[in-house]
Amino acid sequence: MKKSITILGRVLLGLLLFLTLIPFYLLLINSIKWGKDIVENPFAIGRSIHLSNYSKAVGQVCRPMLNSIIVTICVVVIVLIVSTLAAYAFARFEFKGSTLCYMMIMAMLMIPGFVLLIPQFIQIKNLGMYNTFAGLIFPPAAALSATATFLLGTSMNSLPKSMFEAAEMEGANDLQILFKVVVPLTKPTMATVVIMTGLNAWNNYLWPLVSTTGKETEQITVALTKLIRTAVEGNGVLFAGYVLASLPLIIMFCCASKSFVAGLTQGAVKG
0 MKKSITILGR VLLGLLLFLT LIPFYLLLIN SIKWGKDIVE NPFAIGRSIH
50 LSNYSKAVGQ VCRPMLNSII VTICVVVIVL IVSTLAAYAF ARFEFKGSTL
100 CYMMIMAMLM IPGFVLLIPQ FIQIKNLGMY NTFAGLIFPP AAALSATATF
150 LLGTSMNSLP KSMFEAAEME GANDLQILFK VVVPLTKPTM ATVVIMTGLN
200 AWNNYLWPLV STTGKETEQI TVALTKLIRT AVEGNGVLFA GYVLASLPLI
250 IMFCCASKSF VAGLTQGAVK G
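Following numbering that gives the first Met the number 0, the numbering of the sequence shown begins with 0 at its first residue and continues without gaps.
Quick caveat, the hints were computed from the structure, so don't treat them as lab data. We put the beta carbon where it would ideally sit given N, CA and C, even for glycine. There may be inaccurate statements among the hints.
[Unchecked claim] The list that follows gives simulated cross-link-like pairs (lysine-lysine, DSSO-like), each with its CA atoms no further than 30 Å apart:
(1) Lys55 with Lys179
(2) Lys160 with Lys35
(3) Lys179 with Lys257
(4) Lys186 with Lys214
(5) Lys257 with Lys186
(6) Lys225 with Lys124
(7) Lys124 with Lys214
(8) Lys225 with Lys214
(9) Lys179 with Lys160
(10) Lys186 with Lys160
(11) Lys55 with Lys225
(12) Lys95 with Lys160
(13) Lys95 with Lys179
(14) Lys257 with Lys160
[Stated by the list, open to error] Restraint-style ranges between C-beta atoms, simulated for each label pair:
(15) Ile249 with Pro111: 24 to 30 Å
(16) Cys100 with Lys35: 44 to 50 Å
(17) Leu108 with Phe23: 40 to 46 Å
(18) Ile117 with Asn40: 42 to 48 Å
(19) Leu116 with Lys35: 36 to 42 Å
(20) Gly213 with Asn40: 37 to 43 Å
(21) Ser54 with Leu126: 39 to 45 Å
(22) Pro118 with Glu167: 39 to 45 Å
(23) Phe252 with Gly96: 34 to 40 Å
(24) Met168 with Leu20: 31 to 37 Å
(25) Leu50 with Pro247: 16 to 22 Å
Construct the complete structure from the given sequences, taking the supplied hints into account.
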């Protein structure tokens, strides 16, 4: 019975892996084909390989990708700093109104993003931040800080209080405790925050669409909808653009995947 369950589990995992990877296979295989070959047989290599799709896509997505990298890095850094300090304050100190403040931050998780779209747009317009990198960075960073504060706060609350007391007895101040004790122990959770925040910032489409105009601040998600290609090339250039746009995320995940998985499973098993 146990062996049958193991075999069934492996079969289901294999099926899940296949369903997960097949879209990536189709994306890669069709990114080197032209429109006619894509329509006639999307699952096989075409009669000819057209690497020119990538050369044409690079010229159109290079600047937007650089803009998106700048915005994503800034959002991640801001969210990490703000959420780390906020989570540490809530985990370490008890002050008047701390519970209310924490609940108000958590309430942000319940508000759909599109509800805040118009108020945020009016705000950045009045502040002169329309069509600027500041307008692209600060509103998403503020929205994503709530989730990051919740994750880091949960991780910090799980640390034993005796550890903080021992550090205080050794003469460490709050900043030393934060950076020398808490941060090293919460690195897996921080890696999770970095990847989740990076994904949200990079894949954000609606906010860059309404808050920017022109090429100077155009983001990759918006640029991909405007890729120029001929009728003969079809969607091959578009698929090549998708592949190029996914490379920074793949690199980021490969660099932080070990810590990311550790952060997801942290606290799942008590030893």
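(Q) Name the hints, by number, that the structure is in violation of. (A) 1, 2, 4, 16, 17 and 24
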